[in-house]
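Read in order, the letters of the sequence shown correspond to residues 1 to 189 in the numbering used here.
These are computed hints drawn from the structure, not numbers from a lab.
There's no promise every hint is true.
[Said to hold, decoys possible] Straight-line alpha carbon distances no greater than 25 Å define the calculated SDA-like cross-link-like pairs of lysine to any residue that follow:
(1) LYS5 to THR173
(2) LYS5 to LEU33
(3) LYS5 to ASP29
(4) LYS5 to GLY147
(5) LYS5 to GLY132
(6) LYS5 to HIS162
(7) LYS5 to ALA59
(8) LYS5 to THR17
(9) LYS5 to PRO122
(10) LYS5 to ALA24
(11) LYS5 to GLY21
(12) LYS5 to ALA182
(13) LYS5 to ARG165
(14) LYS5 to ALA163
(15) LYS5 to VAL150
(16) LYS5 to ASP178
(17) LYS5 to ASP95
(18) LYS5 to ALA39
(19) LYS5 to GLY179
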Amino acid sequence: SGSGKSTLLFVMGLLDTPTSGSVALGGRDVGTLDDAARAALRREHLGFVFQDHHLLPQATALENVLVPTLILPAAEQAAAAERARELLGTVGLADRLDHRPAALSGGECQRVAVVRALINQPQVLLADEPTGSLDGRAAEQLGDLLGALVVERALALVTVTHADRLAARMRRTLVLADGVLAAPGGARA
Numbered sequence: 001s002g003s004g005k006s007t008l009l010f011v012m013g014l015l016d017t018p019t020s021g022s023v024a025l026g027g028r029d030v031g032t033l034d035d036a037a038r039a040a041l042r043r044e045h046l047g048f049v050f051q052d053h054h055l056l057p058q059a060t061a062l063e064n065v066l067v068p069t070l071i072l073p074a075a076e077q078a079a080a081a082e083r084a085r086e087l088l089g090t091v092g093l094a095d096r097l098d099h100r101p102a103a104l105s106g107g108e109c110q111r112v113a114v115v116r117a118l119i120n121q122p123q124v125l126l127a128d129e130p131t132g133s134l135d136g137r138a139a140e141q142l143g144d145l146l147g148a149l150v151v152e153r154a155l156a157l158v159t160v161t162h163a164d165r166l167a168a169r170m171r172r173t174l175v176l177a178d179g180v181l182a183a184p185g186g187a188r189a
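All chains should be built: construct the whole structure from the sequences, respecting the hints.
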């Protein structure tokens, strides 16, 4: 806690700017881009799952997933809605599309947040303590889901976690202590 893991993830996700150094995405220094260009890069290449799901309480699961697509042209929004239904089905929520967050469990809300992060078909999924607010069973299920989605959708996944069980699933782990890369965990078979 306090070592800079979430801050690093927010910088990687173009949600924050570094106090020193630079960030490149696709070979482009994003520090030279205006806010609109940074937002476009984020929308086109990155998905972000926050520790707390940040779902809109008045919106349904489906509507929450579609929030990132609201700026798309109408023709693309229709395709996104179909993709949202498919993804929600993939994560076991096909029968919960019309439920608001208050009617969903914590694990279900976090799965909606994962689908929202995937709706624009990112190449990289960034997850900040995605299982941190879940009980053991829901955390295990979300870990299984993330693992399957990474393989199925050929995603790169970068996650910040204190959960040893989730970290053990990762192909490679890095340890950040006091803002310094302390010990690479190495590749996993």
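Subject >> Straight-line alpha-carbon gap LYS5 to ASP178, limit 25 Å >> reply: holds, 9 Å
**OP:** Compare the distance between the alpha carbons of LYS5 and ARG165 with 25 Å, and conclude whether the hinted pair is satisfied.
**Re:** holds, 18 Å
**OP:** Please work out if LYS5 and GLY21 have their alpha carbons no farther apart than 25 Å.
**Re:** holds, 16 Å
Subject >> Hint consistency between LYS5 and ASP95 [alpha-carbon to alpha-carbon, up to 25 Å] >> reply: Roughly 36 Å between the alpha carbons, so the hint for LYS5 and ASP95 is violated.
Original post:
For the pair supplied as a hint, LYS5 and ALA182, is the alpha-carbon distance within the 25 Å limit?
Top reply: holds, 12 Å
Subject >> Pair hint LYS5 and THR173, alpha-carbon separation not exceeding 25 Å >> reply: holds, 13 Å
Subject >> Hinted pair LYS5 and ASP29, Cα distance within 25 Å >> reply: holds, 21 Å
Subject >> Pair hint LYS5 and ALA59, alpha-carbon separation not exceeding 25 Å >> reply: violated, 31 Å
Original post:
Are the Cα positions of LYS5 and HIS162 separated by 25 Å at most?
Top reply: Distance ~10 Å between LYS5 and HIS162 Cα, so the pair holds.
**OP:** Decide if the proposed pair is consistent with the structure: LYS5 and VAL150, CA atoms, cutoff 25 Å inclusive.
**Re:** OK: LYS5 and VAL150 at ~21 Å, within 25 Å.
Original post:
Would the pair LYS5 and GLY147 pass a check requiring their Cα atoms to be no farther apart than 25 Å?
Top reply: holds, 21 Å
**OP:** Compare the distance between the alpha carbons of LYS5 and THR17 with 25 Å, and conclude whether the hinted pair is satisfied.
**Re:** Roughly 14 Å between the alpha carbons, so the hint for LYS5 and THR17 holds.
Hint violations for this structure: numbers 7 and 17, all remaining hints satisfied.
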